[in-house]
Amino acid sequence: MGGYLYEAISAVGETIISNKQMLTDLDAAIGDGDHGINMARGFEAVKIKMQALETENDIGKILKMVGMTLISSVGGAAGPLYGTAFLRAAAPSQGKTQLDVETIGLMLEAAITGIKERGKATRGEKTMLDALEPAYEAFMEGAKADKSVLACLEAASEAAQQGVEFTKTIVATKGRASYLGERSRGHQDPGATSSYIMLQTLVEFLRR
Amino acid sequence: MVGVVIVSHSQKVAEGIKEMALQMAAPQQKVVAAGGMADGGIGTDAFKVSEAIISANTGDGVAIMVDLGSAVLSTETAFEFLDDELRANVKIADAPILEGAISAVVEASLGSSLTAVIATAEGARTLNKC
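Quick mapping for you: the protein sequence lines, in order, are chains C and R.
Read in order, the letters of the first sequence are residues 1 to 208 in my numbering.
Read in order, the letters of the second sequence are residues 209 to 338 in my numbering.
Note that these hints are calculated values from the structure, not bench results.
There could be a bad hint or two in this list.
Claimed, not checked - Here are the simulated BS3-like pairs of lysine-lysine, each with C-alpha atoms no more than 25 Å apart in a straight line:
hint: 1; chain 1: C; residue 1: Lys147; chain 2: C; residue 2: Lys168
hint: 2; chain 1: R; residue 1: Lys299; chain 2: C; residue 2: Lys120
hint: 3; chain 1: C; residue 1: Lys144; chain 2: C; residue 2: Lys96
hint: 4; chain 1: C; residue 1: Lys144; chain 2: C; residue 2: Lys61
hint: 5; chain 1: C; residue 1: Lys116; chain 2: R; residue 2: Lys299
hint: 6; chain 1: C; residue 1: Lys96; chain 2: C; residue 2: Lys64
hint: 7; chain 1: C; residue 1: Lys96; chain 2: C; residue 2: Lys49
hint: 8; chain 1: R; residue 1: Lys299; chain 2: C; residue 2: Lys174
hint: 9; chain 1: C; residue 1: Lys96; chain 2: C; residue 2: Lys174
Stated by the list, open to error - Simulated coverage check for chain C against chain R, where a stretch passes if three residues somewhere in it have a Cβ under 8 Å from a Cβ of chain R:
hint: 10; stretch: 16-22
hint: 11; stretch: 34-41
hint: 12; stretch: 188-196
Only a predicted model underlies this, so the values are computations on that prediction, with no experimental measurement involved.
Backbone N, C-alpha and C fix where the C-beta goes; we use that ideal spot for every residue, glycine too.
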């Protein structure tokens, strides 16, 4: 599973890196235009650090490394936010070499709580939470219905995508985009978009 | 003496503010710049901030001056890397970074408490320029 998670995180990193321009363009419209550059820089650093963990089986350890690396290398708000999310997700997965629906649910919950605490944000403020909270809820509905990890993540990713669409309809009240006020409406949130892209990459990875 | 840390997205901004603030400081006053990323790029790095806090602390705590957005998030993340004793003795000033830093350094150099240093830094919000 360690190797499997290694590949999953590599896939997420590659998707973020290949969407660098798109994320940066979204951010340039309503922010400081660095989300793609920052996220790509973060996952380039993760790629280098990961090489030392190729044979590591403890999922918590791998996620902790990813979180620490994002915190020190992203540079923008996404660094501490996603970094904290990965660090918190590392707690329920610590010592585990396999993940089931229940553990992933706990990891998502811990990650989202971490993002809310770190960003002092709630849903509806045009942030990554507008993708992640609906994704978590969809995941848990799948979990209640005894669905597979893949089916739960598919539902989560679909809800995240709808969340990204929702961010186009609202005004930003957190982060750099809040300086734009009403002018932020009509644009999709870059952070919600990167969250959705990560979930969708996991889905596609599991389908392979 | 309370230490002062300057957290900016730009290394040059942090270094420049440190340079200006030191003009007003007592000789033993600690002022540490934590600006930019390890690769010199624009951004904030929580590990750089936690190291700066540790080196600015002489036992009386550390006041932290921040610029925008992620400077606050990175500093709060940095707090998680500190030991409990130091974590209880650090605070972010809700103040303009340059004027706040100078005010903080002046107050800290007088030997004031962390609470007083933060209050003085935050007082810089209402400094009139003309």
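Here's how the hints hold up against the structure:
For a cut-off of 25 Å, the pair hint linking C/Lys147 to C/Lys168 is broken: about 31 Å separates their Cα positions. With a CA separation close to 17 Å, the supplied pair R/Lys299 and C/Lys120 stays within the 25 Å bound. Restraint check for C/Lys144 and C/Lys96: satisfied, since their Cα atoms lie roughly 22 Å apart, inside the 25 Å limit. Taking the CA atoms of C/Lys144 and C/Lys61, the gap is near 28 Å; set against the 25 Å cutoff, the hint is violated.
Annotation: proposed proximity of C/Lys116 to R/Lys299 holds, straight-line Cα distance about 20 Å (limit 25 Å). Only pairs whose Cα atoms come within 25 Å are accepted, and C/Lys96 paired with C/Lys64 is accepted, the gap being roughly 13 Å. With a CA separation close to 20 Å, the supplied pair C/Lys96 and C/Lys49 stays within the 25 Å bound. Annotation: proposed proximity of R/Lys299 to C/Lys174 holds, straight-line Cα distance about 22 Å (limit 25 Å).
Between C/Lys96 and C/Lys174, the direct Cα distance comes to roughly 35 Å. Violation of the 25 Å bound is thereby established for this hinted pair. Residues of the stretch 16-22 of chain C with a Cβ under 8 Å from some Cβ of chain R number 0, which does not satisfy the need for three, so the listed coverage is violated. Look at the stretch 34-41 of chain C against chain R: 3 of its residues bring a Cβ nearer than 8 Å to a Cβ of that chain, three or more, so the hint holds. With a threshold of 8 Å between beta carbons, the proposed coverage of the stretch 188-196 of chain C by chain R is violated, since 0 of its residues qualify and at least three are required.
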